[in-house]
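Hey, can you work out the whole structure from these sequences and the hints?
Chains E and B supply the protein sequences, listed in that same order.
The numbers in the numbering used here rise by one with no breaks, and the one at position 501 of the first sequence is 501.
If you want the numbering used here, it's the position in the second sequence, counting the first as 1, plus 1000.
Just so you know, the hints here were simulated from the structure itself, not pulled from any lab data.
One should not assume that every hint holds.
[What the hints assert, rightly or not] With a straight-line Cα cutoff of 25 angstroms, these simulated SDA-like cross-link-like pairs (lysine to any residue) come out:
no.	chain 1	residue 1	chain 2	residue 2
1	B	1100	E	650
2	E	594	E	606
3	B	1100	E	657
4	E	646	B	1068
5	B	1100	E	647
6	B	1100	E	215
7	B	1100	E	594
8	E	244	E	215
9	B	1100	E	661
10	E	594	E	569
11	E	646	B	1069
12	B	1100	E	658
13	B	1100	E	663
14	E	646	B	1053
15	B	1100	E	649
16	E	646	B	1094
17	B	1100	E	645
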Amino acid sequence: MTNVEAQTSDLLRLIPLFPLAGAVVHGVMIGLLRRSLPRSGVVAVSCGAVILSFLTSVAAVSELLSIPAGSRVLVDELFTWIGAGRFASEAALLLDPLSAVMILVVTGVGSLIHVYSIGYMDDDHRDDKGFQRFFCYLNLFTFSMLMLVLGDNLLVLFLGWEGVGLCSYLLIGFWYGDRWNAYCGSKAFIVNRIGDFGFLVGIFLLFSALADAGHATVAFREIEGAIGAIADRTVAMPFGGEWKLLTLVGLCFFVGAAGKSAQIPLYVWLPDAMAGPTPVSALIHAATMVTAGVYMVCRMNFLYAEAPGASAVIAWTGAITAFVAATIAIAQTDIKKVLAYSTVSQLGYMFLAAGCGGYSAAIFHLGTHAFFKALLFLGSGAVILAMHHEQDTDKMGGLRRYLPRTHAVFGIGVLAIAGFPLMSGFFSKDEVLLSVFTAHEIPGHLFLYGIGVVTAVLTAFYMFRVHFRTFWGECRVPLEARSHIHEPASTVLVPLYVLAFLSIFAGILSPPQLWGDLAGITESNSLHHFLAPVLSHAAEHHIEHSTEWILVALAVSAFLMGGGLAWWMYEINPGIPVRIRESVAGLHRAVVNKYWVDEFYDAVIVRPLVVVSDRVLFRGVDAAGIDGIANGAGAMVRAFAGRFLKYAQTGLAQSYLFFMIAGTLAMLGWMLRP
Amino acid sequence: MAIPLDLVVGLSAILFGIGVVGALVRRNIVVIMMSIELMLNAVNLAFVAFSRMHGSNEGHVFVLMVITVAAAEVAVGLGIVISLFRNRDTVNVDDVSLLKW
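Structure below.
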């Protein structure tokens, strides 16, 4: 891809420009003019901006498709952002197959969620100006996300990376009147900053090595060309031993990705991010922003091809995260918390695939996950609206009688994520597991595959569990409240239908070759072949169809096992869960309390940090040390001048004049000295 | 017939010295102000002399400037003196030393 002559296209700049314009209009209205547009105006500006952005994206991608497959690169150079000596960084946008998939997901799902938000936020009467503020942040987020995926170099990517982090913070704490929401927003921001720091260090390391080798650049396509020059470099680690430089850079980048995409050990912010409004959870914390880390790892695939150690770490972290988050999701009762841990788990899948070199599988799962997880979140939002902001599934049950449409679309989402054959999640999860199964270069890849299958069972189980507990069984809603349960408005339902359609059929567009051979289609894995020019460094593995069928059978049985178990436990024998809970009370408590990870972090990191900051840095260094020096200097001057120097202030004008003349003469004498 | 520069500058220095001494030793505010005028005019004399020596007009410009400022200074100063005399019934600087420790 490096030696391809890029074509330029002015269309690209319009894609992020529309949402930015929307955000600026809202920002000026709220911040400078201090008045809000009528709600219909807000809707027209925001949704119009994102839908225009989507249409422009479609036009740009079709322009990209008209170029022969090997050289599909469109570049839009805006201006030189930083020019310093031999180093220059352009503010430039890059559209290649990878970013094409991302912008379609971001603007497509983004448009649906904008439309959904009209109905969802209209219900919120807490703050009338909040309506416009919400759409302002949503537009700003879309802009930042588009900059992130369209950026032609690491700096533009990082700009978007920080922008989405900011918008995530603003939107999690959107209802900041409640201190808990503000706390959750801060937590997300701070945990993300830890990851961002690693990312920054990685960028610096990579840049300094490249500059040292005579390639002072941060642009992806130039780094790709120059990576060979620094592939053999090593660095001495502080604890001894020599590491490959690119392994270290890859790990630093992954720290950033783990923060943004909620992987162990930095996943703790995502479940708490559910404090934000549900459309935010769907857009930012399921479909788009949290996938930025996966995107970044795939974008840097040429780097990870040179850093097998970092790839192995990514694969293992992804697998463990997928499994641990899935076990936590089993025991949660808050409908959004289940979905949040499910998101963490599915992101783990994506990293598992990316670490094993299955970048196209990771992007495939990223896309299908965006559809079905957005569907599930928006469906849960519809339930939450109907239940008047009640999220606890303990207080739901039997809702399918009151919400048949929501029940149907939510069910489609559950089937898709659980891997019902031929639905989108089925194909993408198969791709992920296949890429893990064939990744011989990753140590313990068969064990990782096993974790993946077990996680698939758990996924099916907890998704059906939450579905049954919400929509099936007996109704646990108080009798007097039942009459208030009603289906949401059409702006809420229509996006759900579209997403349900996509969740079912998105996988058919790009089934694995195994299925293509059945139907007699060559290159049926269209996404893989579409992405191949960008991901040319991904390892290619071939596998017998007979083995592949066994893997498919395993995946289907995982779905049947998880789903069947949930059916048996929550529909046939509703007493079973209680008995299981009592027989393994300790384990249950550990899972319900999320393995006390938050408490552990609190005790090991947060509290010592607060104590050290308060006792040592604040009271010791700042109050006693720095303030002491400043105040002490003042006190000393006052003591000296007040006691002795004040007698110079006689009040007699002529004595002042005398000292002035004496001083002038002294200076003159000194200057005219022989 | 040109007067030698030395003489003019010497006169200027003498006038300035008289002004300094007068400002330091006299107690009457009006006399102190007259001494200050003397110093200013000594400087004016030096300006004119050096300007003539260099054959340029800049010194003359400065002199005009100084005369203007001196006129303003005297106006303000005499105003203060009159105001002081009305309130305290004195023009002796030793009697107005309130601004001290």
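Structure-based check of all given hints:
no.	hint	result
1	1100/B to 650/E	holds (5 angstroms)
2	594/E to 606/E	holds (18 angstroms)
3	1100/B to 657/E	holds (15 angstroms)
4	646/E to 1068/B	violated (37 angstroms)
5	1100/B to 647/E	holds (8 angstroms)
6	1100/B to 215/E	violated (71 angstroms)
7	1100/B to 594/E	violated (74 angstroms)
8	244/E to 215/E	holds (19 angstroms)
9	1100/B to 661/E	holds (20 angstroms)
10	594/E to 569/E	holds (22 angstroms)
11	646/E to 1069/B	violated (33 angstroms)
12	1100/B to 658/E	holds (16 angstroms)
13	1100/B to 663/E	holds (21 angstroms)
14	646/E to 1053/B	violated (47 angstroms)
15	1100/B to 649/E	holds (5 angstroms)
16	646/E to 1094/B	holds (19 angstroms)
17	1100/B to 645/E	holds (12 angstroms)
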